[in-house]
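Could you build the full structure based on these sequences and the hints that come with them?
There are 2 protein chains.
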Amino acid sequence: MERFSVTYALLADDLNEARRKAFDICVEQTVEFPYDLIPNAYIQTEIVGHIESLDTLAPGRFRAVISYHEDTAGTDFTQFLNVLFGNTSIKPGVRVDAFTLTPMQLATFTGPRFGVAGLRARTGVVGRPLLCSALKPLGLDCHALADIAYRFALGGIDVIKDDHGLANQRYAPFEERVARCAEAVQRANAETGGNCLYLPNVTADDGYTLTRARFAQQAGAGAVIISGALTGFDTLRAVAGDDQVNLPVFMHPAFSGSFTVAPDAGFSHFAFYGQLMRLAGADAVIFPNYGGRFSFSREECAAIAQGCRCNMGSLRSALPAPGGGMNFENIGDMVAFYGSDAIFLIGGGLFRHNPDITEGVRTLRRLLEQCLEA
Amino acid sequence: MERFSVTYALLADDLNEARRKAFDICVEQTVEFPYDLIPNAYIQTEIVGHIESLDTLAPGRFRAVISYHEDTAGTDFTQFLNVLFGNTSIKPGVRVDAFTLTPMQLATFTGPRFGVAGLRARTGVVGRPLLCSALKPLGLDCHALADIAYRFALGGIDVIKDDHGLANQRYAPFEERVARCAEAVQRANAETGGNCLYLPNVTADDGYTLTRARFAQQAGAGAVIISGALTGFDTLRAVAGDDQVNLPVFMHPAFSGSFTVAPDAGFSHFAFYGQLMRLAGADAVIFPNYGGRFSFSREECAAIAQGCRCNMGSLRSALPAPGGGMNFENIGDMVAFYGSDAIFLIGGGLFRHNPDITEGVRTLRRLLEQCLEA
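The listed protein sequences correspond, in order, to chains R and F. For what it's worth, my numbering labels the leading residue of the first sequence as 1, then goes sequentially. For what it's worth, my numbering labels the leading residue of the second sequence as 1, then goes sequentially.
Some hints here could point you the wrong way.
Result set (SDA-like, lysine to any residue): computed pairs, CA atoms no more than 20 Å apart in a straight line [said to hold, decoys possible]:
(1) R/Lys91 - F/Gly292
(2) F/Lys91 - R/Ile51
(3) R/Lys91 - R/Asn16
(4) R/Lys91 - F/Leu54
(5) R/Lys91 - F/Val116
(6) R/Lys91 - R/Ile51
Worth flagging that the hints you see were computed from the coordinates, not collected in a lab.
Rendered as structure tokens:
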């Protein structure tokens, strides 16, 4: 039997306190029981977590690597998350920085179904980042949203997503919206010869996310977008692994901000938006770009991209999809920063640039080509 | 059409910046689109959030009450959460402190199915707090766990929960464990004439939580426990509203710590563990008690109890269920602090007190009676 390991960042007064805190994690995340009262040696030595290493990073800051027997989690993804950070999430001064997995876990939680190559194959885009925009604002009816989708696709955008606030509201009910927008994008693709993908937001209540994803597939959507913190993260896996759906899955960060908002608690950006969302099956991970109206730093954005791409055994890479704050001026910087294997989301900036959004997309595509030639 | 409102705590340099931040929330949580480009007056005036009030709480601290048209959320609980805090969760310096609901929302999200009176009716406990312990440690087999359950129930404990780390591991598979533990508690009830409830942990991957809850009901469980941050919060509602299950739902806080760990981001304890979990259908909300190995303060615990009990229109009250750090010495303080409508969880302290856990429960029950007589 194998063990998986988790790297935690700890705040503590000194190495002794750090060691005590690390041992508390070993117990809290497994038996949650007084160590000296544990009734058998197997549980004490195998089930309780092991401190594999403990290092001082800076005064008051430590790094503990703790390993857990893979049997503590078994094959439930929810229970894997629980061993990773269940009760310890409630303790301040502990952050999940990274994790490794066992071969059994990698065979069970298979990650992205499409990954970078699969998304490139579906869109036909090679050698450059993909461009994505969003259908908005909330409050428009299905005809108006489909018209925007058509005009975006005509300009040559690669991916068009529903704004994450489009759910099943009465002014644009889910099924009608998805059918009309998918048809509009297919109509534009027929005119341009392109392969623009329409991504409906299928985030919904318990059980219904999968239902909506299946409807989206039937209606001709090219991929789906799910806010995993709203549905539960395993719902990404359920959709990513569903043979009826068989579409790329984009993770949207709505409601997930609390997981990385505190510097010394929750998750590192690398572990949460990178490793964890990829393990949950996201082919692309949307997150707030540096320099926009959110507060992620360049370092945090780089860490997310790294988490999407780092070696995780047999898992495919995901595409980092920075959004928020992209405009016609900073596209060159983004290409230099994220490289080619990324998706750039531009929403408000595209509407702002030119009331003719088809022309706006064409300009953006030209700008992108120029950046790549430079 | 009615509007619901959310009270946000904001950090800002001055009132002008606070007003700008509040307006940003109005836009971000709804249209996520440049306000001046919004294509029609209805969306601008009705769909975009309204700042209902803005107050200075202290230098640099403000309170904004923002109302949203109920149509922005519709009837999806996930989309209600999204309007409440979706993208704004990613911005530091904004916290959800409280919310109110419209009559349509209260009719849709019906909250606890049993509530305080229903849980008292199921357990037969009147006039005092309920006592709950946990089956542990992880790593024991089904026979050993069922034996612990039997001995707890024989002593007169009111509720016995699976430790939240018991999922479907190979040393105690879910179905066998639940069947054996439910049978053991029923056997003890037959001997004592009591109504002890066994609460299996049904937290599972997408779709399977409901499946496990239905199995638990068939096997004779008295209620179920779900870690909503692992399953997605709407899964609580799905189980609470399922007519095949028809069992009280306990919310466990595993993996939820990030939502309240930062003082100026995420949720207040009142809003998250109180209002929101109750709205999601929790009949009882487990949270870390003050003074134990977690860090919730007395004020934060009082706020959770208040959120479980405050007036929320037609919603039943939930029972606050503080756990962690309860022992034989502080039960009097807990009775004084939480009052009678609460569930006290004692795990390690009960095993620590006396190797004969049946006697330990009897002692605890006597101590509780003495506190109430005093």
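Hints, verified against the model:
Pair hint lysine 91 of chain R plus glycine 292 of chain F holds up; C-alpha atoms about 11 Å apart against a cutoff of 20 Å. Note on lysine 91 of chain F and isoleucine 51 of chain R: the hinted pairing is violated, with a Cα-Cα distance of about 34 Å set against a maximum of 20 Å. With a C-alpha separation of about 18 Å, the suggested pair lysine 91 of chain R and asparagine 16 of chain R falls inside the 20 Å cut-off, and the hint holds. Among the hinted pairs, lysine 91 of chain R with leucine 54 of chain F is inconsistent with the structure: their alpha-carbon atoms are about 32 Å apart, more than 20 Å.
Between lysine 91 of chain R and valine 116 of chain F, the direct Cα distance comes to roughly 29 Å. Violation of the 20 Å bound is thereby established for this hinted pair. For the given pair, lysine 91 of chain R sits about 18 Å from isoleucine 51 of chain R by alpha-carbon distance, which is consistent with the 20 Å threshold.
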